[in-house]
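Those protein sequences? They're chains D and B, same order as listed. The C-terminal position of the first sequence is numbered 234 in this note's numbering, with every residue numbered one higher than the one before it. The C-terminal position of the second sequence is numbered 234 in this note's numbering, with every residue numbered one higher than the one before it.
Treat the hints as calculated values from the structure; they're not laboratory data. Just so we're clear, the structure is a prediction, and the values are computed from it rather than from any experiment. Among the hints, erroneous ones may be present.
When chains are identical, the list treats them as one kind, so a pair holds in a single copy or across two.
Claimed, not checked - Within a straight-line C-alpha distance of at most 25 Å, the following computed SDA-like cross-link-like pairs (lysine to any residue) qualify:
#1 K92 - R4
#2 K223 - G91
#3 K92 - K202
#4 K121 - R181
Protein chains: 2
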Amino acid sequence: MSPRKTIIGMVLYPNTTQLDLTAPYEVFSRIPDVEMHVVSNTIASVKTDRGLTIVPDTTYDTCPSLDVLFIPGGPGQIKAQDDKALMDFIGKYGNKKDCLISSVCTGALLLGAAGLLRGKKATTHWTCLDVLPYMGAVAVDTPVVEDGNVITGAGVTNGIDLALRIAENLCGKDATQRIARFIEYPHASAHPDRVALERLSKEMLAQNPYRQARIEAAERTAKQLGISVIQKAS
Amino acid sequence: MSPRKTIIGMVLYPNTTQLDLTAPYEVFSRIPDVEMHVVSNTIASVKTDRGLTIVPDTTYDTCPSLDVLFIPGGPGQIKAQDDKALMDFIGKYGNKKDCLISSVCTGALLLGAAGLLRGKKATTHWTCLDVLPYMGAVAVDTPVVEDGNVITGAGVTNGIDLALRIAENLCGKDATQRIARFIEYPHASAHPDRVALERLSKEMLAQNPYRQARIEAAERTAKQLGISVIQKAS
Numbered sequence: 001m002s003p004r005k006t007i008i009g010m011v012l013y014p015n016t017t018q019l020d021l022t023a024p025y026e027v028f029s030r031i032p033d034v035e036m037h038v039v040s041n042t043i044a045s046v047k048t049d050r051g052l053t054i055v056p057d058t059t060y061d062t063c064p065s066l067d068v069l070f071i072p073g074g075p076g077q078i079k080a081q082d083d084k085a086l087m088d089f090i091g092k093y094g095n096k097k098d099c100l101i102s103s104v105c106t107g108a109l110l111l112g113a114a115g116l117l118r119g120k121k122a123t124t125h126w127t128c129l130d131v132l133p134y135m136g137a138v139a140v141d142t143p144v145v146e147d148g149n150v151i152t153g154a155g156v157t158n159g160i161d162l163a164l165r166i167a168e169n170l171c172g173k174d175a176t177q178r179i180a181r182f183i184e185y186p187h188a189s190a191h192p193d194r195v196a197l198e199r200l201s202k203e204m205l206a207q208n209p210y211r212q213a214r215i216e217a218a219e220r221t222a223k224q225l226g227i228s229v230i231q232k233a234s
Numbered sequence: 001m002s003p004r005k006t007i008i009g010m011v012l013y014p015n016t017t018q019l020d021l022t023a024p025y026e027v028f029s030r031i032p033d034v035e036m037h038v039v040s041n042t043i044a045s046v047k048t049d050r051g052l053t054i055v056p057d058t059t060y061d062t063c064p065s066l067d068v069l070f071i072p073g074g075p076g077q078i079k080a081q082d083d084k085a086l087m088d089f090i091g092k093y094g095n096k097k098d099c100l101i102s103s104v105c106t107g108a109l110l111l112g113a114a115g116l117l118r119g120k121k122a123t124t125h126w127t128c129l130d131v132l133p134y135m136g137a138v139a140v141d142t143p144v145v146e147d148g149n150v151i152t153g154a155g156v157t158n159g160i161d162l163a164l165r166i167a168e169n170l171c172g173k174d175a176t177q178r179i180a181r182f183i184e185y186p187h188a189s190a191h192p193d194r195v196a197l198e199r200l201s202k203e204m205l206a207q208n209p210y211r212q213a214r215i216e217a218a219e220r221t222a223k224q225l226g227i228s229v230i231q232k233a234s
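Based on the provided sequences and hints, a complete structural model is requested.
Set out below in structure tokens:
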């Protein structure tokens, strides 16, 4: 029997801050044997707060049972709190102790409004840390806060850190380090373990499925551009 | 006469690595007086390499003249090199010295294939640095490389650094620091100038247009959840 996939659902509502969702999506979607879903009221495209439009693939009614629930933040969070279908969807995960409940930025305020942060330590965008106690949560000003099955990330780009932490919980340190190395987070020059990185890099380079095709495409380019001397990369 | 908007166009092709585009989008779209476009062959939705689907708003034919051209990378870059409409679109910016030409990750290989990196210093995803010389470029292994009007970023998350650098070129240090502080990059605890950050934070908090609405929504939550003691955030 093969192990079933890890199912991750990321909620998308109008006026989400898109990077709250897209940054962790990039990490989550690289976890081995993962099934990704972007969940909304309907599968019609959703405009995010600065105009980028994203298409959900499932709805609150049709979404399969999740192993990880993720809620992004953004200006739309205020209105989303009055969206019954969305709040019911979040609320039903309040009793599922085997589901990781996660948020980035003001997404935490939606978890809170659904009652999922009561008595929990949590974080959110720095402009809203003082709003968390209204939901019975204890605000902590760090990039990622884990309390039982609830794991919250601070503002926007902290979603990368949050998702890497969740990846480590799900698939371990080695697989997560591969994801981080691929998305170059943090950049190699700032990496705490450069020796391990060098080793990992060589291994990943040898396995990269696109290298040969890229070299061939580059050779065509060199011909087209009339570049005959191939320089060595510094 | 009011100054005209800064027009930024981000190219989107099938199997783009979505964070290559979405991370800089978040920064670009927060530049004052900016007009954002996601450009593709048609305005039909485009599936990125790990499934996330994004909707372009203009095409290579209808896109207005750009002040900043941005090209993301991803596995789709190899096929995109044979997309004549896309390559022509990039190519026509080769002679526009007043347009900033930018890329993240293997997007640089598309700039290169269009002949825009000849004789330029540039960077790309670490797995492809040795491909750049086929395009007549000099590979440099740093997060962001600027050479004249061509500015390239390394892999995936380096797009945040790239976009902040472009923002600084366009709107100066102060406005860019506000964007960085809003998206929490880097996180406050890692910020090199914590004193300046404190000052900026207080100012931004006072001006935040959503704070009052969030507090009111939170008060309703506290009532619903029966939370009567409002704790202070730590």
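Outcome of the hint check:
1. For a Cα distance limit of 25 Å, the shortest separation of K92 from R4 inside one copy, 22 Å, qualifies, whereas the shortest one across copies, 49 Å, does not.
2. In this assembly of identical chains, K223 and G91 lie within 25 Å of each other by CA distance solely across copies; the values are 17 Å between and 59 Å within a copy.
3. For the identical chains of this complex, K92 and K202 are neighbours neither inside a copy (45 Å) nor across copies (37 Å), given an alpha-carbon limit of 25 Å.
4. With identical chains, the CA atoms of K121 and R181 are at most 25 Å apart between copies only, with a shortest distance of 23 Å across copies and 30 Å within one.
Hint 3 from the list above is the single one not met by this structure.
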